[in-house]
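Asker: The chain contents come next:
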Amino acid sequence: SVNPDLASERGAASFSVEKLTAWLDGGAEQTRIRRAVVEAIESDPVFSRENQYFQNQNERYEAAVRKAVHLQRKMHEMRWTENGPELKYIYRALSGDVAFLLHRVFMRCISVLGSDKQIAKWIPPATQYQLIGSYAQTELGHGTYLQGLETTAVFDITTQEFILNTPKISAMKWWPGDMGRSATHTVVFAQLYVHGQCYGVHPFILQIRSLQDHSLCPGITAGDIGPKMNFEHVDNGYLMLQNVRVPRENMLNKFCEVQPDGTYIKRGSPKINYFTMTTVRISLISDEAILPLMKACTIAIRYSAVRRQSKLKPGEQEAKILDYQTQQEKLLPQLAAAYAFHFINKYLQELLDRGYREIQTKNFDNLPELHAFSSGFKAMATQYCTSAVEICLRACGGHGYSLLSGLPSLYTKMLASCIYEGENTILLLQTARFLIKCFSAASAGQPVPPSVTYLSAVKAGKCPAKNKLDFLSPDIYTEAYQHAAVRLISSTAAKLQDLIQSGVKKHEAWNQCTVQLAQAAKAHCHYTTVKNFAETVQKLETEAGIQKIMKHLCDLFALHGIFSNAGVFLHDGYISGAQMDMVTASYLDLLAVVRKDAVPLVDAFDFTDKSLNSALGSYDGQVYQRLYEWAQKSPTNTQTNPAYERYLKPLLHNTLSKL
Amino acid sequence: AAAMAMNADLRRERAAATFQPELLTHILDGGAERTRRRKEIEALVFNDPDFQHEDLNFLSRSQRYEQAVRKSSLMVMKLREYGIADPDEIFWFKSFVHRGRPEPLDLHLGMFLPTLLTQATPEQQDRFFMPAWNLEIIGTYAQTEMGHGTHLRGLETTATYDPATQEFIINSPTVTSIKWWPGGLGKTSNHAIVLAQLYTQGQCKGLHAFIVPIRHLGTHEPLPGITVGDIGPKFGYDEMDNGYLKMDNFRIPRENMLMKYAQVEPDGTYVKPVSDKLTYGTMVFIRSLIVGDSAHSLSRACTIAIRYSAVRHQSELKPGEPEPQILDYQTQQYKLFPLLATAYAFQFVGAYIKNTYRRISGDISDGDLSELPELHALTAGLKAFTSWTANAGIEECRMACGGHGYSRCSGIPDIYVTFTPSCTYEGENTVMMLQTARFLVKSYTQVSSGQRVTGIVSYLNELPRQRIQPQHVAARSVTVRISDPASLVEAYKARAAWLVEAAAKNLQAELNHRKSKEDAWNRTSVDLVRASEAHCHYVVVKLFTAKLSEITDAAVRTVLTELCLLYALYGIIKNTGDFLQAGIFTDAQITQVNQRVKELLAIIRPNAVALVDSFDYHDAHLGSVLGRYDGNVYENMFEWAKKSPLNKTEVHESFHKHLKPLQAKL
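For the protein sequence lines, the chains are C and Y, in the order given. Residue 1744 in this note's numbering sits at position 641 of the first sequence, with consecutive numbering throughout. Residue 332 in this note's numbering sits at position 284 of the second sequence, with consecutive numbering throughout.
A portion of the hints provided could be inaccurate.
[Stated by the list, open to error] Taking lysine-lysine and the DSSO-like style, the derived pairs with C-alpha atoms no more than 30 Å apart in a straight line are: (1) Lys-1752/C to Lys-126/Y; (2) Lys-1416/C to Lys-320/Y; (3) Lys-565/Y to Lys-553/Y.
[Stated by the list, open to error] A short, non-exhaustive set of chain C residues, derived as facing chain Y with CB atoms under 10 Å: (4) His-1173; (5) Ser-1505; (6) Thr-1528; (7) Val-1551; (8) Gln-1615.
[Stated by the list, open to error] Okay, the calculated bits of chain Y under chain C, using three or more residues with CB under 8 Å as the criterion: (9) 110–119; (10) 225–235; (11) 273–279; (12) 558–569; (13) 614–628; (14) 699–707.
Since the hints were made in silico from the structure, they are not lab data. From the three backbone atoms N, C-alpha and C, an ideal C-beta is built for every residue, glycine too.
Working from the sequences, and respecting the hints, build out all of it.
Answerer: Shown next, in the form of structure tokens:
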């Protein structure tokens, strides 16, 4: 039975949860497909995550391999295909708890960077799992800065082979997933040397384990890199190479090739590779940042409607903690952010699809914008969502700290996303480089890409709001964000210019401005997210109830941003002190408004109990019973206590009292 | 690996320092003699083969618990063998043995024994204290329930007095009333001090403490009527058996209620305690420990991140030159140096509270409790302020180490998961901030009604005078000198006063609109928390600044002054909105503050490694491959990884179980 405290929340919903779910999915048909996939996966005991919190690294890894193997069977059985509409829901249904994700990257890498001949040779056996691939780029000493990689591949003209080496400890490949225990092959990135000349980093296909008994090939040292904050199910690995030889044909050579006589040729532009990075970044925003945040909000908000603590009024029942303003101030802005990022991600996805179509026609014009866009948003969304999930975790008090709440593992998994596929600070600086370039183009009257046209239409003036209700107007707050973004970009550009003109070298000037540059890039992304949210709400033609609540969320997201970054908006007096008080008042009023629909708003994310895997966040709200039941299943309770016989017993039976 | 030479980058960094790190270490320890003694105890523990073990990162939860129990029992014996009895020295010893992690006897040593000392009658002390001292009785302190934490009055466990048998009947009447979280309860303890609502003669007399035996002294099996176990895996605290406890009509003799203050007589008559202010003292003490823990946890994270950033080279700053240390990037400095400054600030705040507590607790035993409410209010807020800041700071340090920070070998994940519950336990942080706010509002109301307030809130006295002037915001423009710490203290003071006044006025406005005090309070609570934070921030800047004048060595004073300035100015950048809106700073000054912070980053840069060396953490205590004193990071990461459980066999069993059949089938 549903806890009455949750039932009453649902009874009071101002909109149809089912309709909102369908809209979020992109139509009722999508919802149907998604639910069918989730049902098929969750009803299969092999995919169960029930004991996940009690398993150690070895057990988690084994389970992930088992699931990956079983998934092949399942897909076949369900007639799901690699290009079908179901695919994107499978990962979601498994909560990412599956092995061989790098195997897919291995295949994609060969498909994008390999010649037709190479594709024909490697992709069929990889598809059949006759070999398992990985992707070995990152080294102990180098991550985001690819040019710095130290692994070497020296062309030996006499044998027509490349000799791969790890010349020093910091050059050891480190972190690649599926490599520690599973992979038989990998794509290794190494500095190519021909006739003593270095041609930069290139990818090579390399076998690392025997296809017969899985033992390591000669010259290969490989293993698992040890425990991490999460990803226990993944065998992130290390790889050391000592004079390992691969045939000339193993260098991926769609864009460049070493000919038998050692001549190095380049053909075409590997710009497409940027597109691959962009695609990966965008897909991870949704899977690794937004979905986990939606889950965390679901858990924390449902729990806050069930948990009662202290009294708001003497003589009354203890209040739901969701009724405390401070609790609302923690959780509801995170809920609004989950929606905001969902919409910006949809928008990005559309841009990406358009970009893909253009690339098919060899039009690379929009690639820089798309690249800058995806870098900035990857950084902003992963950072924002990570701290948001941590806020949800801490908002659940002590019980949030239990693994059984589901929150710690959501948090520790997603925070890795701030680093992989480009460390966030570096990505923000890439976006900043694009913005500075566009700003100077705009100042010179040259055309700029659509997402930054606002840089050429700089308006002077002050925020026109006269009372707190004015701040519920999207025009008012969107302009405030735009103003802040323009100010930060233009002042940083000016400072950069000043430094260079005063004789500071360009790179040094850049380093001296990086803190501001990163801030400017964030302001740009924040502005775009607010603007996109407001436009999404405006275009929303579904029934009024949904539009109304979405408008509240949009207002909340926007005003929370102004409230929390007040200095940015006050700085040049665009928003006055008196107006800032209005922002605060409006913002706090909104908390009470959104509070009423908080539970339906997380219900609309439509996560099953199994996918939440949380004793605190289940749909029925039977929090305490579940916590108690789950705890009893812990091995610490089902197995004997070895410490008692060995240490406690001698201790209690007075070996000490003789002292 | 131990014999490796020091990494050249770190050697260069250390040689370039402008001050002697040992002198700063002495200041942090409270004197050269105390540093000497600390290192002596450190050597005692780290050179003792009994306290060696495999890297905890490779052990299962059950193994970690077992190691902790083993070390704890040895620790108790050795402390007595060595005659270590001074509380600080015991604290050091314990922290070295367990490397800053919790252990299953924490509650026995830290709560059970002290509670017996302060709340048990002489008869009860005779019965329980010596057996507990000798660990025949291992106890815990069972307060928190599944449904109630910080709000103690809501606890549901009952203790009903039965005059016929002169016993209390202890019950857990609901699922939510099950005791949940107490450390050492799950597997280790055989007794618990249980907090329960006392019922006698049909009336509820509120919360009282009872000594409840929970396990058989011979077999360690739970007693009939007792259900006890471990609450399962957590974010951290793997070595701690946090437990649950359910009691069904469990009877204990009347004499097991802790009756030094309140009493139940044989016929059931209840005798009220004289004063309950004394329990404040314990709370203040424990919160002061958390402030210290905030400082230490953040200091350890900074040590790791800064040393690693000096060893790690990446990308290029100047075309054609070797890759620079990542510590040379402005963005990296901007992440780490303000945290380093914060760690120092919190070290000094922790020491201040501890000393003040010692001074006041002297007064308490003489019966003078006048300073207690202020200290209580202050420590509540500072506990929240420092633990929130440190919590976020540790994560920033980890992020600043990139991918390798995410590996358990960096040690930062462990620092984080061990530290983060302190935002919740001993008073949830938001609730703590609101307690401080209550005191601030009370003080403000006193000032408004013409009274003067004293102590750390005395700045509120200046508010009415300022209000005489019509345009108070503009009129207040303090002329702040941004390179003078004392002047920055004034700026923070002005901000705190501004926010306290705003919150108090908003509260009054809500009261004018509504009837219920509680509703008005709730509707103002976001403002109230902001006011408390600003107050605490002011206190921290003030205490850091005050510390500077005590430093005699000129070189050390210079570098600490730079850190103090960075701490204060960075806080202004992070809270620019407040300082602008309150009219304390102009736009132009804020631009200057931004510029000055970046200058300070460059000034502090050459001393960064020496500044973390001064924290003087032993490598074994730090528990980090990235933060090693010798800086030989990569070699040791490889050594460490080779010991990982997944590497125990060359071919993992799942190959035979799953992969091979898969390849055969497809």
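Asker: Indicate, hint by hint, whether the structure satisfies it.
Answerer: Status of the hints after comparison with the structure:
{"no.": "1", "hint": "Lys-1752/C to Lys-126/Y", "in the structure": "18 Å, holds"}
{"no.": "2", "hint": "Lys-1416/C to Lys-320/Y", "in the structure": "27 Å, holds"}
{"no.": "3", "hint": "Lys-565/Y to Lys-553/Y", "in the structure": "14 Å, holds"}
{"no.": "4", "hint": "His-1173", "in the structure": "9 Å, holds"}
{"no.": "5", "hint": "Ser-1505", "in the structure": "5 Å, holds"}
{"no.": "6", "hint": "Thr-1528", "in the structure": "5 Å, holds"}
{"no.": "7", "hint": "Val-1551", "in the structure": "26 Å, violated"}
{"no.": "8", "hint": "Gln-1615", "in the structure": "6 Å, holds"}
{"no.": "9", "hint": "110–119", "in the structure": "holds (count 5)"}
{"no.": "10", "hint": "225–235", "in the structure": "holds (count 5)"}
{"no.": "11", "hint": "273–279", "in the structure": "holds (count 3)"}
{"no.": "12", "hint": "558–569", "in the structure": "holds (count 3)"}
{"no.": "13", "hint": "614–628", "in the structure": "holds (count 7)"}
{"no.": "14", "hint": "699–707", "in the structure": "holds (count 8)"}
The structure shown violates just one earlier hint, number 7.
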